[in-house]
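Chemist: So the chains spell out like this:
Number of protein chains: 2
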Amino acid sequence: MVNVAILGFGTVGSGVAELLTKNGAHIDEKVETPVRLKYILDVRDFPDSPFGNKIVHDFSVIEKDPELDIVVETIGGTSVALDFTTRALCAGKSVVSSNKELVATHGYELIQLAAQEGVSYLFEASVGGGIPILRPLSQCLAANELTEICGILNGTTNYILTRMIHAGLSFDAALAEAQANGYAEKDPTADIEGQDSCRKICILGAIAFGRHIYPDQVPTEGITHVTLADVAYADSCGKKIKLLGRAIRQPDGRVCAYVAPHLLDAANPLAGVEDVFNAITVKGDAIGDVMFYGRGAGKLPTASAVVADVMDAARHIRSRKRMEWGPGGDDVTQSPDGLVCPWYVRARGTADGAHAAFGDVSCLARAGAPCEEVAFLTPPMTRAALNEAMGTLTPETVLRVLV
Amino acid sequence: MVNVAILGFGTVGSGVAELLTKNGAHIDEKVETPVRLKYILDVRDFPDSPFGNKIVHDFSVIEKDPELDIVVETIGGTSVALDFTTRALCAGKSVVSSNKELVATHGYELIQLAAQEGVSYLFEASVGGGIPILRPLSQCLAANELTEICGILNGTTNYILTRMIHAGLSFDAALAEAQANGYAEKDPTADIEGQDSCRKICILGAIAFGRHIYPDQVPTEGITHVTLADVAYADSCGKKIKLLGRAIRQPDGRVCAYVAPHLLDAANPLAGVEDVFNAITVKGDAIGDVMFYGRGAGKLPTASAVVADVMDAARHIRSRKRMEWGPGGDDVTQSPDGLVCPWYVRARGTADGAHAAFGDVSCLARAGAPCEEVAFLTPPMTRAALNEAMGTLTPETVLRVLV
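If you read the protein sequences in the order shown, they are chains D and W. Heads up, the first sequence is in the numbering used here, so the first residue is 1 and it goes up one at a time. Heads up, the second sequence is in the numbering used here, so the first residue is 1001 and it goes up one at a time.
If you're looking for bench data, these hints aren't it; they were derived computationally from the structure. All values derive from a computational prediction rather than experimental measurement. One should not assume that every hint holds.
Stated by the list, open to error - Computed from the model, here is a short list of chain W residues facing chain D with C-beta under 10 Å:
# : residue
1 : Pro1066
2 : Ala1271
3 : Gly1294
4 : Leu1364
Glycine included, C-beta positions come from ideal geometry on N, C-alpha and C.
All chains, full assembly: derive it from the sequences and hints.
Modeler: Shown next as structure tokens:
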């Protein structure tokens, strides 16, 4: 018998409770011991929920129960979640988390603590919702020297961009629709400004390259400045705009990690990832490119990843940690400013101005473009070279082109 | 120290030797003990190879070496490979295999034997080349009741179909090109007749649904009868032709498994999988659809999966098996004849004949169609109902439409 407590009875927490119950027989058979939901910690009561009788309000009930083996943390944030995770690990309980902010910010110390206490700290659900990615990355691709991770890591922004591309909605209209459909929060900042993607690329980069990467080491740009004009210009040259999180291993071993919208060729498998779906491509020296695709968020997909971790922890009660990486530091990352790529530029200016600045570039066309607007793709160059070359042009949107 | 022997120094075997050497430092660090290639078994000598000094010709050298821990079987087929695998497991050695034919035919008994001997029998490389699929299926998606596996499982046929679709090559010309590029064997039968896909869907189905599925329980149709006319008609209705292996859990718990070319909507993520790439979609009750994409064959991608298994076996020397399923039997599978779906029909006959037979179907058009040819998509029906309805039409190509 393995006893589980869920911290936080919100969307993910209630999904975990539902899945543990619905697929209970199947789960017990796979784990080869009964997995029982014993407590749900929340500040609220849920008298009408079938799980109402499991609600507790005091974390110390869970912390002090010697029969309690696994704590599922779905609280989010880094204050209470950090406190409870630390206390649970110190009390000899394995912890399973869907909290990307906590893992991206305090993952290294929590992994160390779990190792020291001889328990597991698992967080497959923190990246890509239900898509299996962290375990394949650390186990199945272990024979590779990995060189790059690149992914569409946020469903909300991908939904907004998809609606801008296919339905011609403005950013604001697409955001409002996403909120109406429950795909975006009332305060969508963390999604649309790229912070959610940033946390996820930190975790992916740490697993792939072996050192903790902190969110403040990752330059992050969201999609709020992407306009329908940009979508139209991208379409005119067979490309789509997607928000990507990237972590690229440099020859000196440092990791160039950043989040920004990019133009992608329509033939790139990531370009076909629509709506709230996520996809993560991994490049390795032996494997070439592999891609993992699926629902990056949502109650049951995320719960699916959490419960798989619970099952794994249940099979390895009091055994060693499964995911690990080294400490962070100033020597881990490198600015993307040195990264050479073609750029998409939409600017106030003229075709002559574009040619004077960037040579023989082809100007892009869109219906209804004002006459003082010019858009084009540059040759490969660094951002500094781009800024320097701009000449008479006043840039309005500047986006990297993925090659 | 963990000692490894490779059986068979062909494409995959030499890739494994290369990868173990090239990424040796990285591998040793991850496994936390040195992983050493000790023997390579082959009937030939390789005096010019850097691995020439590891060649042995007598399996009993490997079998009787008490220091030898892991045997990598890349021989292929089911005769010598079965004998050596059985003897290796009986001698207390873990076995890692890329041999889909052996796993699909004798997987259940070999898994049982490995369990009995307390060693591992791992075969991630047998499906999808380097794409991590078996471990994610059995571990990361373990919280789900899985309902369907559907995949492009063979790179050779996908290359041929891609060239027919995009370059307008006939089947024969595309096959010849695939052979010239090293993507198809001199005797391409196992690929183009679907047997390779069949073996892979057997393994995927066994892991997903828990019982051994034998290749002779899986109706298998290749792509040799697919013509450019079919490709053109599919294109005219926004679809692509892909060879799919499918395993679908039926309400009674049986598995409907088969291999056949299908028409897929261009928006389906599988439709965008081109050239020698493979992709596998998995449906689960919590996760919805997830897809795994990458190079399904080739020396280093396949070696990547083999070496990941070697690393996993090395970390769990003399521990329990990791993949498992129950015995096969007549009660495991169900014929796809009962499966209801729309059909693509290209027939000798007329539009009137098509309407008389199938009601208000829209006839498809292609340039240069002879006047006695008609093509259309039927409403959803079983194969028996389709055959019965055919009326005055003489079918030339009949393909399922994936919905």
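Chemist: Checking hints one by one. Is W:Leu1364 an interface residue toward chain D, by the C-beta closer than 10 Å rule?
Modeler: Status violated, d = 24 Å.
Chemist: Holds or violated: is the Cβ of W:Pro1066 closer than 10 Å to a Cβ in chain D?
Modeler: 26 Å, violated
Chemist: Have a go at the W:Gly1294 hint: is there a Cβ in chain D nearer than 10 Å to its own Cβ?
Modeler: Holds - the Cβ of W:Gly1294 comes within 10 Å of chain D, reaching about 3 Å at its closest.
Chemist: Next item in the hint list is W:Ala1271. Is there a CB on chain D closer than 10 Å to its CB?
Modeler: 9 Å, holds
In this structure, the hints that do not hold are numbers 1 and 4, in rising order.
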